[in-house]
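Participant: Model the full assembly from the supplied sequences, consistent with the hints where possible.
Here are the chains, one letter per residue:
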Amino acid sequence: MLKLARRFFGRFRLNLIIGPLCKLIEVVFDVLTPIVVALMIDEGVSRHSLPTVLFYGGVLGIFALVGIAFALVCQKMASRASQGIGTEIRATLYQHINELSYTELDHFGTPSLITRITNDVNQVQLAVALAIRQLIRWPLLAVGSMIAALAIDWRLGLIFLISTPIIAGVFWFVMARCVPFFKELQARLDHIALLTREGLSGVRVIRAFAREAHERERFRRAADDQATVAIAVGKLSSLLNPVTFLVMNLAVCAILWQGGGLVDTGELSQGEVMAFVNYMTQTLLSIVYVANLVVVFTKASASASRINEVLDCAPTIVDAADAAAPALACPAAGTVAPVLTGSAAVPSLRMAGAAFTYPGAMRAAVAGADFSLMPGQTLGIIGGTGSGKSTLVNLIPRLYDATEGTVELFGRDVRTWPLAELRRAVGIVPQKASLVSGTIRSNLTWRDANASDDELWRALEIAQAADFVRANPKGLDAPVEAAGKNFSGGQRQRLTIARALVGDPAILILDDSASALDFKTDAALRHAIHVRSCEGAAAGSMPLTTVIVSQRISSVREADLICVMRRGQVVGLGTHDELMRACTVYQEIFYSQFKREEAEGTTLSAPLASSDTKEVAENA
Amino acid sequence: MPNPYASTGSVATVTSSIAGGADDLTGGGPGSAPKLSTGTVLARLAAYVRPHAGLFVLSFISAAVSVILQLYVPIQIGRAIDIIIGPGQVDFEALLVLATQLAAVVAGAAVTQWIQGYCINRLSYRAVRDMRVETSEKIGRMPLSFIDAHPHGDLISRVVNDVDQVGDGLLQGFTNLFTGVVTIVGTLVFMLTVSVPMAIVVVLVTPLSIVAAGLIAKLSNKSFAAQQCIQGELGAHVEEYVGRQKLVAAFGFAPRAEERFGSLNSELYTAGERAQFLSSLSNPGTRFINNIIYAVVGVLGCACVITGWPAVLTVGGVQTFLSYANQYTKPFNEVTSVITQIQTAFASARRVFALVDSAEETPDAPTAIELTDPQGDVQIEHVDFSYVPDRPLLRDICVHARPGMRFALVGPTGCGKTTLINLLLRFYDVNAGQILLDGHDIRQLTRKSLRAAFGMVLQETWLFEGTVADNIAYGRPDATREQVIAAAERAHADSFIRALPQGYDTVIGEDGGTFSQGQKQLLCIARIMLTDPAILLLDEATSSIDTRTELQVQEAFDQLMSGRTSFIVAHRLSTIRNADCILMMRDGQIIERGTHDELLARGGAYAELYNAQFAE
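Heads up: the protein sequence lines correspond to chains A and B, in order. Each residue of the first sequence is one higher than the last, beginning at 0 in numbering that gives the first Met the number 0. Each residue of the second sequence is one higher than the last, beginning at 0 in numbering that gives the first Met the number 0.
Derived from the structure by calculation, the hints contain no laboratory data.
DSS-like cross-link-like pairs, simulated, lysine-lysine; straight-line CA separation at most 27 Å:
(1) A:Lys484 with A:Lys431
(2) A:Lys234 with A:Lys182
(3) B:Lys245 with A:Lys431
(4) B:Lys137 with A:Lys484
(5) B:Lys245 with A:Lys484
(6) B:Lys34 with B:Lys137
(7) A:Lys75 with B:Lys217
(8) A:Lys484 with A:Lys519
(9) A:Lys2 with A:Lys75
(10) A:Lys431 with A:Lys473
(11) B:Lys221 with A:Lys75
(12) A:Lys431 with A:Lys519
(13) B:Lys34 with B:Lys221
(14) B:Lys34 with B:Lys217
(15) A:Lys473 with A:Lys484
If you only want the chain B side, here are some residues facing chain A, beta carbon under 8 Å, derived:
(16) Gly85
(17) Gly87
(18) Phe91
(19) Leu94
(20) Trp113
(21) Tyr124
(22) Ile146
(23) Val158
(24) Ala253
(25) Ser265
(26) Ser279
(27) Phe287
(28) Leu457
(29) Gly474
Taking CB as the label site, the calculated pair distances span:
(30) B:His151 with A:Asp105: 22 to 28 Å
(31) A:Pro164 with B:Gly502: 54 to 60 Å
(32) B:Lys34 with A:Ala360: 52 to 58 Å
(33) A:Lys2 with B:Tyr386: 49 to 55 Å
(34) A:Ile16 with B:Val188: 44 to 50 Å
(35) A:Ala68 with B:Gln100: 39 to 45 Å
All C-beta atoms, glycine included, are put in the ideal place defined by N, C-alpha and C.
Facilitator: Set out below in structure tokens:
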């Protein structure tokens, strides 16, 4: 909490000083009130002077007015400061999250980041407001009352000095025991949420297996657990009020008894005894409020540390110090192309011994990637699930940084590229087709906010998405619901492909992005990309280099270079024909997909081979 | 002393309001229900309290006793002060008696207060649990159409947040309300016994504070609503973009996302600052009025003591009234704050009840037959189906699958293949036509026995939080470890499971944890391997498994499929090549059917699709 305070409170210093100061003044008047009443009794009533009584009444009225005036200023300061701080934290956090690299995102997990930026920030914001408005008020009131009591008579004041720590001790005792329970309680509640989510996402499986009863039982147990913990917390915390009430009123008893003695000897007046009783009540009330605040602050401090965790997490992938080099100032095809055509020998993509190990993992997710690809060529990456294909391509736009070796784009180590430009140069289509709410247009212009309609349509054509977008009466402005739910899986996938094509990427990465497409569409897509690449080259701009990750032989067989992966290792590198001769893993994959053609006769594979070579020839 | 915890109500409200969604469950969908009246909500709530009626009654009795004893304290203190008049005038014997009585009253009040807290706490958490279980079980009985149509986040929020809100607001809130009302009435009675005219003064001036609180609440409510609205927008933005943070990073979209976030954030500042300021006026506002009242009561009380008009009063009496004047307004404040809490709780309760009241899946007909020993004869006769009334999805589908036959469903995405599976398992009911299993209309069978006849591997894998072994044994919880391992071996999942730190006892985290998509799918296949169903439904099940593994899985499936009716939805033609019948679907209709060779020979849509695999 303090750390967060140092970070964000600076700009609101004025509010943070004036607010509590005003509160302080209000409290002073509150503390003086019982004394005024005592004077009213002692001077007014005992001397039977009505004007004196009225005078003190007037004083009380003025106190009230002055009090509220200062209170209002304080409230204004509090709402400004707390909302302002909340707003700043939120903005900073959001910005920081945007800077995090995949490694850090993996570490936190997006759901957790979402709670941190919404719930946790709100919690802190609330704590700041309450700190200004109440955290100042109640302890001051307690201390002030105590001082005033001691000033009237130190012997009676001793009762305060004894009873107040007892009450505070009770609070401390109960709270200290409750806090761990609160965490536990939250964990149980989270578990309930988890089970509910599982029940919803797995509804088909649960019903298909007729395991509803089992799920009910599981949920019931979780709900029981939660109730048990909640009741245990409640048991403890319900002690708080009665015990403090008891201690305070027993202290009042003592004041009356002791006070009686002092009044009898003339050392104290009746009004002063009354003032004592009133101070006691005020003190207790204050402690109760403070204790309530403690609850809010414990929560807030947990939230604050969760926020700090994110803010303290330095992004591992940032622009290198010398990344601002202007040589590749705008790698969007148009500008880069002349640079590159000038040096036609520079490979568009080169990996030299590139390897990546996830933090804490025993085994490298990718190792020994060594190849280079010329502009306009196509790289196919094939391999089993978990073989490291996706990780490998994620190294290209520096979503992860290679832990060993280098990845070069157009002759430059990706680590020396300014990040923003690197990512504009690389168009990636992730495995999971993911759209956001808005329109088709707003989804397509992610890479280039100013893309023209023509460009969007071109991208849609290539992605084989133009037909269904055109069929929609609103075309490019057709609404997209959250997560793209109003489109089918295949449509979503094609839209994400189009999205990557907008803004003229120099390299296009299709990370198993055709899985929801049928063979025909998949083939048409690859063909269109190829044509686009050739057209680009013909028009003098840069030919598109394509990286296709797939599990289907048919998707990669025409690639200029095929990289075969297995358990993170590159086990084969070459063209389809080369691999068919030399790479057993590739052969296995091939035969698993084409076995029967081979068995049934070679009619199908013969023309295939020829079209294959033709393709390679064209590319080369 | 009234429960000081009531004052934290606003905290709970602020923090929970973020999580709550719009209550649009009633919006047209299958959950349409008229808005429940307050009385109905209370009556329904009473049903949850009824099992704990003992606690309920005890809590209210002890609350009443405690409040009355607490209210007696100022009178006793006042009397004591009257004994302490001045030097040499203190009656110590009487003071001792009064002090002892006071201690007894205080002890009694403390004990009853504790009993009250204990009871209400128990009661409310148990009621919350019951309500939560009921809500969750209700979701379990809802038709798939409902679950598919409602955002899961919203449903989860009802089970988790809204139910909590009801517990906090309605149950705890009502006790606070009750305590508040008893305090108000009790104070009034006690004041009247001390001095009628003074009591009248207090009663006349205190409403001022309530009026002030009401005005402030009215002001702040509107701005709170505005704040909530923006808060919601901001939440949606965060959900959407931070939820796809990796994509945002890969696309360098951050600056634009930040821009949008920034504008929402500053809107939130404006609205939030206003809402917070207005609502924070209520404390100082009422405090101000209370202070004025305090002064008025003090002055009038003293005047009474001096002049004996309009009533005779002692100094102790003034002290008693000063305490009461303080206490009399407090319950009003608390009541107002509790009322807002209760209002949000009512909204939550309505959302919970709207869910509980939604139309359930039509239960099995009373005459439903338990299908024993299914043979796997599936007849689909002239089936029409659509999710949305005006957009027909399946039209006049007729298929007859005799036991052991293997059907392959082929066609472009969205042509209705997956829907057929929804219908076969009765996740949805057909609009027209019928589906027969072993000659019985599936609507005449119990769902349980119908579904037990099927084994399916869906496109989207589902694993739950539990061990790998539990996940595999999901369809057959009584399976032995050996059977589980055997199934995993047949699904070629055994080797990667054994490589896990705890092997079969490794706990799978939320959403499948760290497993790759393919591994998750293998686990789901192992699950089916274990259940040994009569009919298999495979929905692109193998699309995420690498082809080498797929080949092995395919062999295992071949073995599993022998003698079983099976329907396979897959894009991979090589895997469905050896189907007995290929159903080529387009636009919700079967346009071609036959074996691979027949269809190739026909040179129609299937042949075209097949050849497209190799065309460029």
